[in-house]
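Trainee: Top line first, the protein sequences correspond to chains A and B. First residue of the first sequence? That's 0 in numbering that gives the first Met the number 0, and the numbers climb one at a time after it. First residue of the second sequence? That's 0 in numbering that gives the first Met the number 0, and the numbers climb one at a time after it.
Just so you know, the hints here were simulated from the structure itself, not pulled from any lab data. Every residue gets a Cβ at the ideal spot worked out from N, C-alpha and C, and that includes glycine. Be aware that a few hints might be false.
Computed far set for chain A versus chain B, every beta-carbon distance over 10 Å [claimed, not checked]:
id, residue
1, Ala86
2, Pro155
3, Glu253
Stretch-level coverage of chain B by chain A, calculated; a stretch enters the list once three of its residues show a Cβ under 8 Å from a Cβ in chain A [to be verified]:
id, region
4, 18-24
5, 180-191
Listed next, with one range per pair, are the computed distances between beta-carbon atoms [stated by the list, open to error]:
id, chain 1, residue 1, chain 2, residue 2, range
6, B, Arg50, A, Gly106, 38 to 46 Å
7, A, Gly56, B, Arg182, 28 to 36 Å
8, A, Asp254, B, Glu167, 57 to 65 Å
9, B, Pro186, A, Ala187, 44 to 52 Å
10, A, Ala175, B, Phe165, 40 to 48 Å
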Amino acid sequence: MTGDLNAAAVHAAPLRVATTRPVIRFGKAAAIVVAVVFVVALVGLPLVTVFAEALRGGVRAFADAYSEPFALSAIRLTLEVTAATVAFNASFGILAAWTITKYRFWGKALLLSAIDVPLTVSPVVAGLAILLTVGVHSPLGTWLVAHGLRIAFAPPGIIVATIFVTFPYVVRELTAFMQEQGRELEEAALSLGAGVWQTLLTVTLPTARWALFDGVLLCKARAMGEFGAVSVISGRVRGYTDTVPLHIEILYNEDAFVAAFALAAGLATVTMVLAAIRTGIERRAIARNAVAIAVTRGE
Amino acid sequence: MKPDAIPGRALALGTTVSIVTLLVLIPLAVVVLTASGLSVSGLREALLSPRALAAFRLTFVASLAAASVDLIAGTFVAWVLVRYRFVGDVFLDALVNVPLAMPTAVTGIALATLYAPTGSAGRVLTTIGLHVGYTQLGVWLALTFVGFPFAVRTVQPVLAAMPSHFEEAAASLGASRAATLARVTLPLLGPAILTGFALALARALGEYGSVIFISGNMPLRTEIAPLLIVTRLEEYDYQGAAAIATVLLVASLLALVAINTIQRRLAVARVA
């Protein structure tokens, strides 16, 4: 059987070289051209549009967009919301990943699925869910307002909605990494007399720092750019509940195109740089894994 | 050491489950509960009025069409990226990530400006009779844009890890390139392609920011279901908004189950 296969291969090889090679070459070039044209048309054109429109009125008009008071307050609010969201989701991510990878309990798959739910929920549905839960029409919202805490149509609501839509990212990155790590390091630390907190802070987190950083960057980028969920819960009060993406919408609808695209270009640059750093980290992780495998194999 | 030799299980598990319940499960349950407060006729008005039906039809049909194009184009682009080395391949690879990294509102105003009848691409397309800005075609285009990276990025690693000797064996046994592709390569890539399709579809069904600027938002024609939720909210029709949201929520949960099922099958197959 093997002999037959080899015979066929030997037989087929010269034939292919003789007759089909130029065709394959043409096919390869055509395939590359089609792929490049498609991606440039679909993705490249909108990307170029963002920066071209932002600079249409010159550098001066671009800079003016960033000196407008409402733009500055939108930037400040976006930074505050992002910081709060990342702080919460990073803490929860560490807790949840620790719980999922270090303990055995009934319903683990169910918990993982529940954490994943916000991944596919529409941002508008997410915003509506938070609004209905803490808005002034719900019992909880009425109680909160009576106690002086307004969540819906106020910055706290924007934070809660942003936490919802970015909820799974840190957990997923950390869980995937810590699952592979296993529990041996923690068990060794504990058996040597370390406490749980000490183990978490000095053993688990330093080992998982790149996975944590990766999740935090993804969470940060999504939090900064979140639009649908925030738009439902914010109530759009200028200078108060107006984030950068919401302010871009307002400027665009007022035909202030240069200002809208100037803010859009700035926001997109930040989120794309965050994404590029993540790609770098992932490449590094793959390279490090390859080295680790080579070392354990004794190569 | 025994399985639960690490202390703190009750506290860690209790806090984790409480946070997930408070932040995710209760708010989503409140949506369904609010919708269930509607009478039968109220529910019919919210979900089966011509305007609601048109919005659902547009959302589902445009999402399916977008995810289908993403499936074909994404698999093809992944193939080119994995199999060929050429000048600018790194650039092409980086460009694929852009829809994931670009905030949806930025995508929305960029597409609307580009494809509006007065926009640089819109002007050209209008002369050949293609109207993209403020039409259903524009909705489809925006959804294709946001779903595209999912289709490429799920297929790409599987294709890269696929040993080429299966294809070489098929070719050496006399299979044509088309037959090798149809009978060997694509079946091996099947689960990955399906995952990419499901991810792109799930993203498209709920998409809002990148669509609302280019769609023009005309009721019965270019109004997507998520936008109708926002419209109902602005009319203080909370129950109507919750009813539409419940339908979208069910669709997104089904998509999540489908994605996880394919992934689990894939993992089992890999171990086997």
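Trainee: Run every hint past the structure and note whether it holds.
Mentor: Against the structure, the hints come out as follows:
In this structure Ala86 of chain A is separated from chain B by more than 10 Å, as the shortest Cβ-Cβ distance comes to about 14 Å. Taking the minimum C-beta to C-beta distance to chain B, about 13 Å, the non-interface status of Pro155 of chain A holds against the 10 Å cut. Against chain B, the non-interface label of Glu253 of chain A holds: every CB pair exceeds 10 Å, the least being about 12 Å. Against chain A, the region 18-24 of chain B contributes 5 residues with a C-beta closer than 8 Å to a partner C-beta. That satisfies the three-residue criterion, and the hint holds.
Beta-carbon proximity to chain A at under 8 Å applies to 0 residues in the region 180-191 of chain B; the threshold of 3 is not reached and the given coverage is violated. Here the CB-CB span from Arg50 of chain B to Gly106 of chain A is close to 41 Å, well matched to the stated 38 to 46 Å. Between Gly56 of chain A and Arg182 of chain B, the C-beta spacing of about 57 Å breaks the proposed range 28 to 36 Å. The hinted range of 57 to 65 Å is satisfied by Asp254 of chain A and Glu167 of chain B, whose Cβ atoms lie roughly 59 Å apart.
Checked against the given bound of 44 to 52 Å, the beta carbons of Pro186 of chain B and Ala187 of chain A, roughly 45 Å apart, stay inside it. Distance hint for Ala175 of chain A and Phe165 of chain B: a CB-CB separation of about 28 Å, inconsistent with the stated range 40 to 48 Å.
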